[in-house]
Structures are given as structure tokens and as C-alpha cells.
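Residue numbers (the numbering used here), protein chains in the order written: chain C, 62 to 421; chain U, 1043 to 1270.
Hints in this document: simulated from the structure, not taken from any laboratory.
Keep in mind that a hint or two might mislead.
[Claimed, not checked] DSS-like cross-link-like pairs, simulated, lysine-lysine; straight-line CA separation at most 30 angstroms:
id, chain 1, residue 1, chain 2, residue 2
1, C, LYS79, C, LYS282
2, C, LYS187, U, LYS1192
3, C, LYS147, U, LYS1192
4, U, LYS1101, C, LYS75
5, C, LYS167, U, LYS1101
6, C, LYS193, U, LYS1192
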Amino acid sequence: MIEFDHVVMNFGEKEVLKDVTFSIKKNEIFTFIGPSGSGKTTIIRLIDMLERPTSGKIYIGDTEVSSLRERDRIPIRRKMSMVFQKPSPLRGTVFDNVAMGLFFRKVRREEIEARVPEALELVGLKGYEERKAGTLSGGEMQRVAIARAISTRPDILLLDEPTANLDPVSTEKIEKLVSALKERFGITVILTTHDMVQGQRLADRIGVVIDGRIGQIGTSKEIFYHPMNKAVAIMVGVDNIFEGVVATNDGGLASVEVDGISIIATTPFPPGTPVMLYMRPEDITFHVIDGVKSSARNEFTGRITKVLPMGPNARLKIDIGVILTAVITQRSYEELDLAPGREIGVAFKASAIHVVEKNA
Amino acid sequence: MSEVVEGFIQAIQLIVTLNGEVLEITARSLLISLSATLIGSLIAIPIGGFIHFREFGGKRGLVTIIQTLYALPTVLAGLLVFLLLSRSGPFGFFNLLFTPTGMIIGQVVLIIPLMIGMTLIALSGVSRTIQDTVITLGATETQTVITIVKEARFAILGGVILGFGRAISEVGAAMMIGGNIRGYTRVLTTAIALETSMGNLSFSIALGVILLVIAMLVTGIVFLIQER
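Only chain U is shown next, with the shape it has when bound in the complex:
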């Protein structure tokens, strides 16, 4: 027990004194996951919009598959991207395995289904009357889509933030694709896993506290957005 208490005290010291390694790992985590979120949004929101506004065969099945992939296990996403990026894989020549870029790709794959799904929910939350109103006001098809997406922007942003939360908190893909290389691909979650297994509890707790604070901020922002 005293070990845990001691670990907490040391953790607070590490945070308060702005320990270089703690800061560096936190910054890298944020950078990788924010990049993944941004790229994921740029892919997922238009796809979500396309699925919502267009009628095509197999639409329902596609939506079901997307919903199933919300719970895509992180290690499976990791394995998939690992296979694609490994030397013998189809994209091996990019040399992206064990790089931050590779990790970003892994997280993008992981969060895209969730973000498409959230976009779909957000868009269908815009009432039929609003869509009809926009059309009767003389909007072209493009103007209609843009206006409806704007109407749903807070709900869509909620989905984006959820995607970010999933990206920054996952460990499987980050470990498998990044390799947890100190000073290069080590992020909050992989560092916690490693330091804990090495018995370096205070470091783990410090990183854990930071991760929790980030998670709380994310949840808080989602809450605030949904309140609007």
C-alpha cells in the first residue's frame, strides 16, 4: 500500500516539476492522436455524409458493418495495419512500421468506423422538416448537404471528440505498430504498460493521471457540446 502512496507522491512531483520525459511522451501522444483524429474526420465525415444523403443498394448492410466496427479490437486494427506496413506487406516500401506516421495510420483505421457512425447519427438527428425547409428555400443539392452538415455540426463534433478519446486511450495498435521506441514512438499508453511491468509505478501513475485528465477533458467537452 505504501508503495502506491509513494508512487502517487512521486507522480505528482513528476508532473509539477514538468519532468522532461513525461512532457515529451504526453506531447507525442497528443500529436499522434490529434493527427489521427484530424485525418479520420476528413475521411469519415464526407463518407458519413455520402451514406446519409445518397440512396444505394446495400446501404443498410454497410451501416450495420460500420456499427459492428465501433468495437473493433485495437489489437486487430494494429494487426491489420502491421500486416499492411510490414516489409513483406503491400505498403512495406514506405518504411512506416515502427514510426509515428504508422501509428497515426493505425489509429485512423481504428476510429474511422466510430466517426462515420457518429456522423450518420448526427445527420439523421436533423429533422426531416429542416431538410425540407432548406430545399424549399431554394437550395441546390450541394447547398442542402452543406446546410444540413452545419445544422448537425455540434453532434458531428461530439463524434470527432469521441474518436479522439478512443485514439489516445488505445494501447494495442500503438504498441504493435509503434513498437514503443523510447523518444520516438513511445506514447502515454505504451509507456504506462512498459513502466508498470518494470515496477516503475510512480512514472506509470504520473502518466496515468495525465491520461485521465485528458480523458476527463474530452468527456467534458463532449458534454458541453451536447448541452448547446
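Next comes chain C alone, as it looks inside the complex:
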């Protein structure tokens, strides 16, 4: 449905997108995640043809749009809608705002009068028609902007950081709405976020954008547990990243040497292969040292070097020869009577480790 083919985008001297290629299917929710300034917004703006790429091709449906004249872009753009990170109210009432796209399409008055309340009801702002758009709160304006975008019944909805400036309650409402739009109307939704968890909650597929490139595309499970490279791993919160070499491999169960310790991981790579190991901090379990074996292949004793409280959880740094990062609930932390300097048993499964050939 939407395809980028080696797209490069420069703003003056600055290379914002460096060789971006991907394709998005009809009726999927596709999320671009990445840090601020990585190029997510530029991708969205290119899809809506607000910019022209420096090089490369962009297909919307079957049409290559990057070389189209402005006039010929309008019918294609009218099948899409876009919501900006900070939506601007246009002068006038909420009704005027939501009706704007319909006016441009010269939709009949009676039709507009039916569609505007319908769109407002979908975003939970029934009865807001006569309010002045300039007086709305941030969350309300965001929802008006979404109503404005969906009143034209687009095939593709583009959302740029739709919840970046919103409180958790408004965020949840908008996330629910996005899922509902896909389910009920079959809209293809493309959104950007720097919130990985939001990406995971909403998206069928995720594209990780790092420094103007697509680092990886996949389902949230693939991205979160099988990052393809270090940059993606760091971005998605895979805090345990180690370099090592496969020492032995017994039918897919390998022992990998990492800084003098052996970590058991499942991988087909033969002995001698340099590899990267990735593991999420949530996959590490703790036990008091009492000689009882756990079912996990990897068991170590280590010393807690650092504790960082994070709401209901705590993040621990544990020295087992290499420094592990693990997450424990605040409650367990207290029950196990942990503190920096204390020794603790840690365990993790061989299958919790994602092994990638180094320099692959």
C-alpha cells in the first residue's frame, strides 16, 4: 500500500533520512519508533507529500508520488489524513475545524452536518460542535484533530506522536480509538512514537528508526526480543548486550565465552563464531544462595553494585564477572532483603538470550 524505495532526504546540509526502504500493508497499524530527531516525522511528512525526497521513490497505492506535480498529488492526498504532534486549531468552532477537510472536498452541506457529529462522537467529544476551537485543552484539541482527520473517511491515517503531550488518561483514550479505527473501518494507521511500550500496545508491525535509517522492521515480539543490532537493542530496552565467541555447540545449545565467563545460549552458530548476545533485564530471576538448583541453564552468583528505583520496580546492576542489568519488583527487593554490596544468585534461561552473529 505504501512503499519507500531507497529514500534519501536532505534539509540543506543535514541528512535527515539516509536510504530508507520499507513497505506498509493495507489495514495494518504500523509504528515508527525512534529517538527524537531520528527522522520519524520526516517519513510521515513524506508519505503525506508535504516534502519531496532528495532521491528515491515513494509509492502510495500504485502511484509513484515523489515526482508528481502538486496538482496531481491532491487526489492522492485526499485519501489520507494526518494529525500533527501539536495540532493547531483553525479559527472558528469545533464544527468548522472538523468540517474543513469536507469543505475542501466540496461535500454537500447536509452530508457535512451528518459526518461532523459522527466523527466527534467517535473521539468522545459529542456535543462539542459549537465550542471555540481555541479554548480547548491539549487533549481535547488532539481529539478534535483526529476527528478532523477521520471525518473525510481516509484510507490511510498518519499520526505524528499523537500522545506525546498528553496525560495518561487521554493517551489511553486515543490508543483505544486508533485500534477501533483499524478494526471498524479497516483504516491503515501509521504512527510515530518515541514510547516503545505504546508501539508494542498498538502496532501490528514496528519500524525502528535510528539516525535516519530503518534499524529493523518486525512484530513487537521480534523487535523486543530479537533485535538485529546493537542500536536497535539499546533503543528497545535490551539492556544486557555482550560480545563473545561460541566455544562449544551441542546440537544448538552453545556455550559462549564472554569476558571469562561461560553463558549458555540457544544458537546454531558453530564454535569460533564471534557473536553478540542480547537479553532483556526482565528475563533475569533472583534467588537467595541456598544450593537449590533452578531450572535455568545459566546460574551465577554476583554482587549488587547499583540500585535504581523505578516506581514499582527497581533496576539492579549485578557483577557476575560481567555487569548484568536486571529488573525486580520493589516488593521482592525488600522481601529478599537486598542492598548494594549484597551477594545474590541470578538465573536466566538459555532461550532468553538472543544471539546474533557479530558484524552480520
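Start from chain C and add chain U according to the hints.
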């Protein structure tokens, strides 16, 4: 001093009793300057829109020239239009020198740069996001321009009113092109200049008060518009 006080008292009498000549001069002033403002707007706003929305070579230089002309001395505008309209000038055959129409032309020339400039400021005051929003909502180029001008309409109107203020308060062009002919081209400012030089202070003060009230109304309206 007593002369001034007396002048004030007489001035108030002239206004309160709706003196025929005072009213007539005021009406003519308003008519000429409002016409100039209307014609000026019809020329300046589209030009401002064109400069804002189109990219072309020399755009920056043009804007600088326009900004310089905000302070175009009224006598220079008067001289320019005088030369154009005088019998030997290129438009002499229209016989517009020393007519209200000629004065309107003079004031149009005077206020157009200011009004173009104010239109430019008003349009660039509409944020990039609003323009992008309008485009993403599927607007054609014409629809985009119309919507952005509508968004900026209060700021543009502020510029129009400023233009009117400059038109009604100027004396140079009105004197040179109109000639201050009693009952025909005499307006508030030229009348004040003449009556003062003749020592007819009360008449001057009365007209001055009226001019001030008009200026205050104009400023008040600009203020109210900008508050919105």
C-alpha cells in the same frame, strides 16, 4: 493663553451645533480616505498574498523596498502623483489634478506599501503547522491561500486600519494634489493648516478635535482586533 481657551470653547460650539462647514469637511475627509483605504486594500492584500505564497528571485529585496516605503514622505507621494496627473504628465488628459479622485490616488500610493507590509506580517504570523494542516486536509492551492488569508484576517484588517489612519492624517499629498479648494477638495488636515495660518484658531481646534477622535477610534479598533 485666553485665545486658546476661547478657541476651545468656540470649537466645542462648532461641533455641538453641527456647523455645516465642519461637517462637510469631515464627511469629505472620511469619504476620500475610506475610498483610498478600500482601493488600497483591494490592491495591497492580493499583492501581499502573492509575495507571501510564491517563491521568486528578488523576493527579499522587494520586501525590503516595501518596508522602506512604509515611511514614504507624504509630500513625495504627493509630488509623484502630481507629476503623473499634471497637464504635461502621462495621465494629464484625465484632468484629475485638484480633484477628490486625484487625492484618493495620492493616498492609495501613500498607503499601499504599508498595507502590503502589514499583510505580509499577518500572513507569516500564521504558523507553518496551520498551513501544513490545511494542505493535509486536502486543500487545493487556491483553497490553501484563501484559508490562510482567512486565518490572518484580523491581523490583515489591523493593517488596513493602520493604512486608513495614515491616509486621513496626512496633509502633504492632500494639499499638493487636492489644492485645498473650499467645498471641493478641502479636507480636515488641509483645512487645519489653512485656518491656523489665517489665525482662525477655533475652527482649527474644532477640526483638530474631530481628527483626534477619528485617530483614537482607529487606534481603538486596531487594539480591539488585536485582542481577539
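Numbered hints the structure breaks, given as an ascending list: 5
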